[in-house]
Each structure stands twice: as structure tokens, then as C-alpha cells.
Amino acid sequence: MSRPLRHVVCALSGGVDSAVAALLLRRKGYHVTGVFMKNWDLFDEHGACAGNQDCEDAFRVCKMLNIPFHQISYVKEYWHEVFSNLVKEYEMGRTPNPDIMCNKNIKFKYLLQFALEFLGADAMATGHYARTSQRDEDVFQQKYIRTEDHFHDHNKDAVKLLQAADPKKDQTFFLSQISQHALRHTIFPLGELRKNVVKEMAAEAGFHHILKRKESMGICFIGERNFENFILEYLEPRPGNFVSIEDGKIMGTHKGWFLFTLGQRARIGGQRDAWFVVDKDINTGDVFVAPGTNHPALYRNSLQTDQVHWIAQDPPLELLRNTVMQCHFRFQHQMPLVQCQLTLNPDLTVWVTLAKPVRAPTPGQFAVLYYDQECLGSGKIMELGPSMYTLQERRGDRIGETQKTDRTG
168 MSRPLRHVVC ALSGGVDSAV AALLLRRKGY HVTGVFMKNW DLFDEHGACA
218 GNQDCEDAFR VCKMLNIPFH QISYVKEYWH EVFSNLVKEY EMGRTPNPDI
268 MCNKNIKFKY LLQFALEFLG ADAMATGHYA RTSQRDEDVF QQKYIRTEDH
318 FHDHNKDAVK LLQAADPKKD QTFFLSQISQ HALRHTIFPL GELRKNVVKE
368 MAAEAGFHHI LKRKESMGIC FIGERNFENF ILEYLEPRPG NFVSIEDGKI
418 MGTHKGWFLF TLGQRARIGG QRDAWFVVDK DINTGDVFVA PGTNHPALYR
468 NSLQTDQVHW IAQDPPLELL RNTVMQCHFR FQHQMPLVQC QLTLNPDLTV
518 WVTLAKPVRA PTPGQFAVLY YDQECLGSGK IMELGPSMYT LQERRGDRIG
568 ETQKTDRTG
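In the working numbering, each residue carries its 1-based index in the sequence shown increased by 167.
Incorrect hints may have been included.
Stated by the list, open to error - Label-pair ranges, simulated between beta-carbon atoms:
no., residue 1, residue 2, range
1, L504, K243, 35 to 45 Å
2, E550, D440, 24 to 34 Å
3, D208, R302, 32 to 42 Å
4, Q559, Q508, 16 to 26 Å
5, T420, A522, 37 to 47 Å
Stated by the list, open to error - Derived lysine to any residue pairs resembling SDA-like cross-links, with alpha carbons at most 25 Å apart:
no., residue 1, residue 2
6, K310, S300
7, K523, P553
8, K230, N219
9, K336, H495
10, K416, N450
11, K205, H174
12, K327, Y538
13, K230, H375
14, K230, I377
15, K195, H174
16, K523, S469
17, K310, F281
18, K416, G260
19, K335, C494
20, K335, L378
Everything labelled a hint here was simulated from the structure, so no lab data went into it. Here a beta-carbon is modelled for each residue, glycine too, at the ideal position from N, C-alpha and C.
Sequences are here, hints too, so could you generate the full structure?
Below, the structure written as C-alpha cells:
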């Protein structure tokens, strides 16, 4: 008896990676449907709609592969579940990561639902560079139940999210908040491939119209913008001072603390030397700055997250048993992994203590956790431990006090 034809919906962005993902699925003999998501009314500052070209490129790929094409709009859902949260995070002095939240709340929620319920697909696929611990055939055996609450097999039965074969392109960072439910129904065709091979496949398939395009580096689905002009469309200017972390001197003024993230250069009028943002106080509006890109005020070796989203749904057994465990950490996509110790708090938040200080960990960003090749999940950074500059100051005070005691004792 012949195997039933498997139907896979492939998310298409108009870029090379998702196009080759669809190509590989087609070559495997699956019935493939391409879907392009519109999540933002993509009018740039000049009134041109940048999203139209993406959609046209995705449609052209489907035509070349002779597969059905759908365009769906999640503009309203994106606004309420991603963008509104982004604006609130900036107002609270944090720096959000909309790409991670877009994957969690839009692509691996609404698109997955559309693929499996409306189109009746057996699985969804994306062009992410990532792998899982299950084979494609295992994905097709998963029963789809709309509510995610039904699933609670413990860690030993959970599907693992694994890093891609190409470490430079690995995108598990951006997938660190997706549900176990979504992971069980998703295929990542590019997980075992390197980027240069993907480009070669695209060229051989004749996808020259997308090979010419540069990769987007802007906000998820919003694109590359002048950030200051863009965010000031949604938040009122709130002027404040740039204040030196070293001596409290006012160095200049700014239009709002939400325009700055830790670690970025603060362009302060009249200052020839480079100053960098090291902290913010939303109550006073002060943005604290320090001279030099490697100032110790930029470096920290501990932080606390909110409740961690574990890909396996439960915390690792070692962490549950001992309340501490060793693993690895990053808070930016391509930063090298840093060894760390997790400490599980009673409220299921986590303290992360790093083996070495890292530059500019930032509230609102995600602490993404790894154990060997497995992405365990992530938690939003809520609090930072003291900076290396603060610790040096404290040590200096203690040494001074000790010397004073010795002299007077």
C-alpha cells in the first residue's frame, strides 16, 4: 500500500532561505503549499510599500515550483500581540526583541493554526536554520489538537530544539520562545545545510530574482527604518540628560530614554570622545554614559529573568532537583556562548551567573539558554547584577575602610 501524500505548508518570506526550504520539500515528494504572511502595513517614510516586493518574490517562487500560493494578513494580531508590547517595553526602559515574539505569537501560532486547520496540512515548514530531535516522519504522526494545554509529556518525551549544522547561521535564538506544541508540527529543511550550499541550490533552481537581494536586518516584518523617527511616531519625546556614570556631570541632553539601549554609542553634541550608554533611569529621564566602548560599567556577570519559557515545557530535571545547573547563555543572536550557572527561584524566575562578564546585557532582551546542542528555551532579562565598575568601586571603598581601620586601630 502506498504511503499517503504528505501536505506541508511552507512559510515564504520572499527570501532565499524559505524559497530553498520549499524547493527541498518539493524534491522529497511532498504536496507543498507556499504561504506569505503580511503582518505590517509596510509603508516606509516615503510612502512606498516595501512588502509588495517580498510578496511578489514569494509568489514567483511558488510559480516556478508549481505549488499553490496563499497570502494571509495578521496585521491586527501583530499589532496587538507584538508591536503594542514592543512600545510598552520601550516606555518601561527595556529593549524588546520583536523577532522572538513574532515567531512565538504569530508564525508558530496563527500561521501554524492556518496551515493545519484551514489548509488541512500535515505539518508546517520554515526556512530557519535549526534542527529538532524528531524525523520528518515523526512530525507527520503527531495528532493536531487545537488547544496547547492538552500536551504535557515531561522532558523525556519532549521534542528538542537543536542548533543548526551551520553554527554561523543557527537561528535557534529566534525560536527560543516557541511552544512544544508548535515544534512537534514543524519541519526545518535547512537544518543540516550551510548557507553557501543553500545559495548554490537557489542559483541552480533559477531563483536569481531573490539571490540579488540583500538580507533584511530590520525589525521583524517592519524592515529597516530610522529608529528614532520611527519610534517617535508612537511615543512622545521625553527630554532628559546624559549623565556621566563616573562623576555625575551632565554631558548633554536627549529626546527620550527609550531611544537608547545599553551598549550603544551616545552621540552627544560637543563631545569629541566616544561615550556609551551604560544605564537608564526612567523616573528622572537620565541616561547614564561612560567614556569608551569597553568601560567596566558596560560589563556584568549576573542577571535575573522572568519565568523561563522551557521548550520542553518543564525546567530540566537537574535544575528541578538541585535548583542549580551549568549550561550556556547568549542574549544576542551571534554572540559566542558563555558558560553560566542557573539558579531556579521559588517563583520559577532564574538567576544567571556568568563564568565571565559580558558587554551590555540588556533588560527586555532574552537570555537564551543552551545545553550542548540543545536550545533549552529563554527568559526575558528583568534585572541586572552590579556592573564591573560598581564592583570595583565597592572593592575600593572596602579597601579604603580597611586601611583607615588599620591606621586608627
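Hints, one by one, checked against the model:
Between L504 and K243 the C-beta distance comes to about 37 Å, which sits within the given range of 35 to 45 Å. At about 30 Å, the beta-carbon gap between E550 and D440 stays in the expected band of 24 to 34 Å. The supplied range of 32 to 42 Å is met by D208 and R302, whose beta-carbon atoms lie about 40 Å from each other. The hint said 16 to 26 Å for the Cβ distance between Q559 and Q508, and at roughly 22 Å that hint holds.
Distance hint check for T420 and A522: the Cβ-Cβ separation is about 39 Å, which falls inside the suggested range of 37 to 47 Å. For the suggested pair K310 and S300, the alpha carbons sit about 17 Å apart, so the restraint of at most 25 Å is met. Only pairs whose Cα atoms come within 25 Å are accepted, and K523 paired with P553 is accepted, the gap being roughly 14 Å. The suggested pairing of K230 with N219 holds, with an alpha-carbon distance near 16 Å, which does not exceed 25 Å.
For the suggested pair K336 and H495, the alpha carbons sit about 18 Å apart, so the restraint of at most 25 Å is met. Distance check on the hinted pair: K416 and N450 sit about 18 Å apart at the alpha-carbon level, within 25 Å; holds. For the hint linking K205 to H174, the alpha-carbon distance of about 22 Å falls within 25 Å, and the restraint holds. At roughly 11 Å between alpha-carbon atoms, K327 and Y538 fall within 25 Å of each other, so this suggested pair holds.
A threshold of 25 Å between alpha carbons decides the hint, and for K230 with H375 the separation of about 14 Å falls inside it, so the pair holds. Among the hinted pairs, K230 with I377 is consistent with the structure: their alpha-carbon atoms are about 14 Å apart, no more than 25 Å. Proximity of K195 to H174 is assessed by CA-CA distance (about 11 Å); at most 25 Å being required, the pair is judged to hold. As the CA atoms of K523 and S469 are separated by approximately 9 Å, the hinted pair is consistent with the 25 Å bound.
Distance restraint check for K310 and F281: the Cα-Cα separation of roughly 16 Å lies within the 25 Å cut-off, and the hinted pair is therefore satisfied. Between the alpha carbons of K416 and G260 the distance comes to roughly 22 Å, so the proposed pair stays at or under 25 Å and holds. Proximity of K335 to C494 is assessed by CA-CA distance (about 20 Å); at most 25 Å being required, the pair is judged to hold. For the suggested pair K335 and L378, the alpha carbons sit about 19 Å apart, so the restraint of at most 25 Å is met.
In the structure shown, no violation is registered for any of the earlier numbered hints.
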